[in-house]
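Colleague: Take 1 as the starting number for the sequence shown in this note's numbering and just add one per residue.
Just to be clear, a hint being listed does not mean it is correct.
[Said to hold, decoys possible] So the derived label-pair ranges between C-beta atoms look like this:
id, residue 1, residue 2, range
1, Ala43, Gly71, 14 to 22 Å
2, Val76, Val28, 14 to 22 Å
3, Ser88, Ala40, 16 to 24 Å
4, Gly30, Glu60, 19 to 27 Å
5, Leu32, Ala92, 29 to 37 Å
6, Arg33, Val76, 18 to 26 Å
7, Ala8, Ala56, 29 to 37 Å
8, Ala40, Ala8, 28 to 36 Å
9, Leu13, Arg33, 26 to 34 Å
10, Leu93, Gly68, 34 to 42 Å
To be clear, the hints were calculated from the coordinates, so they are not data collected in a lab. Yeah, the Cβ is synthetic: ideal placement off N, Cα and C, and Gly gets one too.
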Amino acid sequence: MHADVLTAGIDGLDEALAAVDAFDDVLVAGLLRPQAAQSAALAELADAVAGSPLSARVAEAADKASAGAAGEDHFVALAAARTALLGSVHDAL
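Required output: the full structure, derived from the provided sequences and hints.
Modeller: The following block contains the structure:
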């Protein structure tokens, strides 16, 4: 067995987990009156799924949530992005 495979870093893993962590911080703070830091974290989440089929919906949802005008569909899209990122982390491991 090759131990180097088990100890090697995984490309994109830290970035995906950072985007999920930042989004979790947004949820803890709430989205009633989003601040600049929350808007940045939402943009980071949208950027993290930019190459996926969720891209357009998540970008729109991040914009709406940053403006404080998100609806249920937007929150579902943000949750889907978080789930997709954690799924990609699982697959990478």
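Colleague: Each hint: holds or not?
Modeller: These are the hints, each one checked on the structure:
| no. | hint | in the structure |
| --- | --- | --- |
| 1 | Ala43 / Gly71: 14 to 22 Å | holds (19 Å) |
| 2 | Val76 / Val28: 14 to 22 Å | holds (19 Å) |
| 3 | Ser88 / Ala40: 16 to 24 Å | holds (21 Å) |
| 4 | Gly30 / Glu60: 19 to 27 Å | holds (20 Å) |
| 5 | Leu32 / Ala92: 29 to 37 Å | holds (34 Å) |
| 6 | Arg33 / Val76: 18 to 26 Å | holds (21 Å) |
| 7 | Ala8 / Ala56: 29 to 37 Å | holds (34 Å) |
| 8 | Ala40 / Ala8: 28 to 36 Å | holds (31 Å) |
| 9 | Leu13 / Arg33: 26 to 34 Å | holds (33 Å) |
| 10 | Leu93 / Gly68: 34 to 42 Å | holds (36 Å) |
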